[in-house]
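2 protein chains.
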Amino acid sequence: MTRTVSVEDRGFTLGDGIFDTALALNGVMFARRAHLDRLCAAAEAIGIRAERPAIETAVDAALLPTPSILRTTVTRGTGARGLWPSQAAESTIVVTAAPWSPALLGQPARLITATAPRNERSPTANLKALGYLDHVLAAREAAERGADDALILNTGGRIACTTIANVFALKDGRLVTPPLREGCLPGIVRALVLKIAPALGLEVDEAPLRPAELREADAAFATNSVRFLRRVTTLDGIALPERADDVVARLEAALRARVETECGADPRAPARTTAS
Amino acid sequence: MTRTVSVEDRGFTLGDGIFDTALALNGVMFARRAHLDRLCAAAEAIGIRAERPAIETAVDAALLPTPSILRTTVTRGTGARGLWPSQAAESTIVVTAAPWSPALLGQPARLITATAPRNERSPTANLKALGYLDHVLAAREAAERGADDALILNTGGRIACTTIANVFALKDGRLVTPPLREGCLPGIVRALVLKIAPALGLEVDEAPLRPAELREADAAFATNSVRFLRRVTTLDGIALPERADDVVARLEAALRARVETECGADPRAPARTTAS
Numbered sequence: 001m002t003r004t005v006s007v008e009d010r011g012f013t014l015g016d017g018i019f020d021t022a023l024a025l026n027g028v029m030f031a032r033r034a035h036l037d038r039l040c041a042a043a044e045a046i047g048i049r050a051e052r053p054a055i056e057t058a059v060d061a062a063l064l065p066t067p068s069i070l071r072t073t074v075t076r077g078t079g080a081r082g083l084w085p086s087q088a089a090e091s092t093i094v095v096t097a098a099p100w101s102p103a104l105l106g107q108p109a110r111l112i113t114a115t116a117p118r119n120e121r122s123p124t125a126n127l128k129a130l131g132y133l134d135h136v137l138a139a140r141e142a143a144e145r146g147a148d149d150a151l152i153l154n155t156g157g158r159i160a161c162t163t164i165a166n167v168f169a170l171k172d173g174r175l176v177t178p179p180l181r182e183g184c185l186p187g188i189v190r191a192l193v194l195k196i197a198p199a200l201g202l203e204v205d206e207a208p209l210r211p212a213e214l215r216e217a218d219a220a221f222a223t224n225s226v227r228f229l230r231r232v233t234t235l236d237g238i239a240l241p242e243r244a245d246d247v248v249a250r251l252e253a254a255l256r257a258r259v260e261t262e263c264g265a266d267p268r269a270p271a272r273t274t275a276s
Numbered sequence: 277m278t279r280t281v282s283v284e285d286r287g288f289t290l291g292d293g294i295f296d297t298a299l300a301l302n303g304v305m306f307a308r309r310a311h312l313d314r315l316c317a318a319a320e321a322i323g324i325r326a327e328r329p330a331i332e333t334a335v336d337a338a339l340l341p342t343p344s345i346l347r348t349t350v351t352r353g354t355g356a357r358g359l360w361p362s363q364a365a366e367s368t369i370v371v372t373a374a375p376w377s378p379a380l381l382g383q384p385a386r387l388i389t390a391t392a393p394r395n396e397r398s399p400t401a402n403l404k405a406l407g408y409l410d411h412v413l414a415a416r417e418a419a420e421r422g423a424d425d426a427l428i429l430n431t432g433g434r435i436a437c438t439t440i441a442n443v444f445a446l447k448d449g450r451l452v453t454p455p456l457r458e459g460c461l462p463g464i465v466r467a468l469v470l471k472i473a474p475a476l477g478l479e480v481d482e483a484p485l486r487p488a489e490l491r492e493a494d495a496a497f498a499t500n501s502v503r504f505l506r507r508v509t510t511l512d513g514i515a516l517p518e519r520a521d522d523v524v525a526r527l528e529a530a531l532r533a534r535v536e537t538e539c540g541a542d543p544r545a546p547a548r549t550t551a552s
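Sequence lines, in order, name chains A and B.
With the numbering used here applied, the first sequence corresponds to residues 1 to 276, in that order.
With the numbering used here applied, the second sequence corresponds to residues 277 to 552, in that order.
In case anyone wonders, no lab produced these hints; they're calculated from the structure.
Just so we're clear, the structure is a prediction, and the values are computed from it rather than from any experiment.
Fair warning: there could be bad hints in the mix.
To give an idea of the interface, some chain B residues facing chain A are shown, with a C-beta separation under 7 Å as derived from the structure [what the hints assert, rightly or not]:
| no. | residue |
| --- | --- |
| 1 | R279 |
| 2 | C316 |
| 3 | A392 |
| 4 | V412 |
| 5 | T431 |
Covered stretches of chain A (chain B as the covering partner; in silico rule of three or more C-beta atoms under 8 Å from a C-beta of chain B) [what the hints assert, rightly or not]:
| no. | stretch |
| --- | --- |
| 6 | 31-43 |
| 7 | 140-151 |
C-beta: ideal position from N, C-alpha, C; glycine also.
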């Protein structure tokens, strides 16, 4: 596996690329097709020629039997100078695996509201692009204020996401998450929750969401592919209601069931299942 | 000189770093102190511990006798997972040199207006951060529309910059460029122009600038450290006035004089001067 890239790689020099983060259990990447579909669509959107078979091969080579976080990065490669190269170069594909632990599941999140807004009108607002510095700085704000993550608003003051997750609010049986035009990523677990929820008797809606609506919700949670569903317990130091813990627990269980079906392991005890 | 970086380097994985681009002639980086002051201030702003002496040493090692574009990149290094690492790791410093040619001087620029705005409220709006994908995509728009560069507006519809340059408008002896709060970088040549212009009888002003003001100006130009001063001849296909060509020429000459004094070479013929 490639452990280095050229200092001329446009991923390094210009953040000119996109990436994906996924959970792998038992040597199986969960929701693999959805992850790689999204990655390839993003590459196409920014004009990077990346062949799907080459990405699939790189992912296969990185898969481990142990629980892992697979990170797949695709960049525009090592091109000539100039922001928009006149000729497309070969893209760079890098897949790395880091250990994943079930301890990442079930941790509640205290959020603060990040100072700076996310630009929902950016052409990269819906892409998992490499340029994460704004979110790194929002994560610093969260750490400095004793929180676990930062809620990021868009330029209209409505919720976009957190630094690493999509955001949901549940109110009177209606589950709301911001639509992509609000500046969030098309999260894989976000899509799964929207798909699973109706079977649990919930109405789902992609609609603009204001911070005040989190405070008035029956429950709020954040989703991503490493932690799945994470309850939001406080926002800027104020406790959020937890009136719908049972509903959130049922959503969590439904997600876990999908992982177990697909990967053959309960994510809460993947090592045991693997050993059996 | 390091030619590769780890695939775990946060500059590659998250665009978690900043950079600088400068011209070097005769083995001398032009405006070196200003460039490295800005780079170190940016590193400090985002919490990267980078020692100035280490950066100076890396720059010295990359300097060539031939005209070069020196690019200095500083990243948060190869850290643990997580957006905001709990412990600061050693930063990565990379300096590369690419050939520079006097042919880059004096080329006029046809601009188009980029579709998407720049987020002037981002904590990185005034930093030369690695995440340049939005500007890469604006440069693509320019290329697709037969232009040389793209004018980038902020979320208020006022001028921030181009994909690679600061923007100036000259009208009735008054030279205007957007203030930093409009979302532009504190360009080194921008600062020089603001410093030089009064001695040429111009009033200088950092003030919000609308695209319409470019159309009504006596002259408009863009500045950066590789091309210095570049006249803007058209905006979205419409010719801009060129009533103040003499003033622009005097600004260009004053900038060249500063380069020659500092580097001992006329940038228009650096090789000849070097050989003499």
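Violating hint indices (sorted, rising): The structure breaks hints 2 and 6; every other hint is satisfied.
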